[in-house]
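Asks: One-letter residues, chain by chain:
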Amino acid sequence: MSGFLLVAGIVILVTVLLGLVRILRGPRDAERLMAAQLLGTGGVAALLLLGSATDLTAATDLALVLALLAAFAAVAFVAGLGMAVPDHRAGQGASGSASRADGDSPAGAGG
Amino acid sequence: MPEIPLPDPRWADLPLAFAVLGLALWLTLTRGDRAAVIGFTGYGLLVAVAWVRLGSVDVALTEAALGGGLMGVLLLTAVARLGSDIDQPRPSLPGDLLIGLLCLGVAAGLAAVVLGLPSPAPSLVAAVEDHQAAIELGNPVAAVLIAFRAVDTLLESVVLALAVIVLWSFGADRAWEARPRALDFGEPSPALVLLARLLPPVGLIVGVHLFWTGADHPGGPFQGGAVLAAMALLVWLARLGRPPPVTDGFTRLGIVVGPLMFLLIGLAGVVLAGAFLGYPDAFTKPLILLIEAAKTLSVAVALALLVAGPPALSGALSMRRTGSTETGAKA
Amino acid sequence: MDLADGFTAIFVSLGAFFFFAGWVGLVRFPDSLSRLHALSKADNLGLGLVIIGLMPQASWPFGMLKLVALWLLGVLIGGATAQMLAGAIHLDDGREPPGGNGDFARRTSEAGRNNEPGAAH
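Residue numbers (my numbering), protein chains in the order written: chain H, 36 to 146; chain G, 188 to 518; chain V, 8 to 128.
These aren't lab readings, by the way, just hints derived from the structure by calculation. Hints are supplied without guarantee of correctness; some may be wrong.
[What the hints assert, rightly or not] Which residues of chain V face chain H? A partial, calculated answer using Cβ under 8 Å:
no., residue
1, Ser-47
2, Val-57
3, Ile-59
If you're wondering where the values come from, they're calculated on a predicted model, not measured in any experiment. C-beta atoms are modelled at their ideal positions from N, C-alpha and C, and glycine is treated no differently.
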């Protein structure tokens, strides 16, 4: 059984790595963030399989941490988009978006 | 069921090593800042898997939490504030080549040292195992950190607190009473808000579990604290809460309680066990757990504040150039 | 033990197949949103199948419960992340995300109005 699990783990790991190659080429940054998604699912699966095959007791803990934190790149990216939307009101420009510090946007109450 | 004979687990290492090296190469060559940061986050997660293959699950946990999660947030929010089209002077081609050669030289030197180690490499594993039973900790890493080399760990907790103070000193004087605004972006997407409502309780359990299980299995206060810090950052990024102002008493207490508890117990050891940071035999495990609990809290607070940034007045932190229309379509 | 091993073998193989299918979709699909779709759906399904397959190998009860918790976490995070990334992709294309995501919608339409008065929202 360990042999099978190890092979399966390696197969999934290689699939994840090949997927990374494709994703990092992706034309835009939002697409490159899919790497986080990929590692969060595929990386976890590979880790569980490899851990089970090599009798690693802490594999599940590491998989938990990996699953939890893999998404944080996406979280930070998406949160940062709040500021990255181009602001065409040239004079106010950057300070226009930044001064919405407590969620009071000029256009009215926040969604 | 035909049994596949167990292949050498090192077959998993080859694609992993190539991926790590390839990704590192891509990171150096890629032009877009956000793309590089995103790749760097993935790199941290891959290196965490590599650490597992090297047998250090404790380090893997720390790498996943810090390199993958917290560094990702720190760098991405920084890039978001700076804008994705920063004009940097490019070094010339000879300059680039020189940098590349120096890096290769350092890498070659490190490889020579590691590969040149006598086999079996000299290590203190036997000594640790001999004395571990007295500490009642099943995790040798924890035993080394909190018992055999406790002074180093104490100094490390103090350094973390100092780092927070240094970061705070970057705030403008008149902003001292204000809250950190580095994470202050516009209205978050509803999916992010959902995540920030559902994930923190889970993260809290995982963080406390990591601290608790660190006594006998891979884990420990640092890893647990890092996960807790990540949850706080999630809440702040989704604007369900805001980072505390630096003048807040509870925050300051949280930063300090870890090193302070460590120091007090260490000093008590002078009286009770005859040495600084000596643990009296009867209370070894409870004292260690007390130190680690306080350390988990302090690490969590300090790491979260380190990513949240210095106190600032609204509008002060934005440096985006006006008129920029690129929202990230960098190839 | 043989039944458990067979169960594991079948489900882990199915899981690996879906990961492969996800990779194929990633490489072959023409635009960002469909690639995201391939990644989210296929990979999450693959993870679920692998976890189901690993259940007989785990200890009862806590090993199995941990695996189930891991899967639920993966589904939750995967779903939310996919939504966030899709919103980011829509925004990047200059469209308002469907369903009107909070400020995203308002700010995209403001930007739209400032750019081309005739193309409001």
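Asks: Please go over all the hints and tell whether each is borne out by the structure.
Replies: Hint-by-hint comparison with the structure:
no.: 1; hint: Ser-47; result: holds (7 Å)
no.: 2; hint: Val-57; result: holds (4 Å)
no.: 3; hint: Ile-59; result: violated (11 Å)
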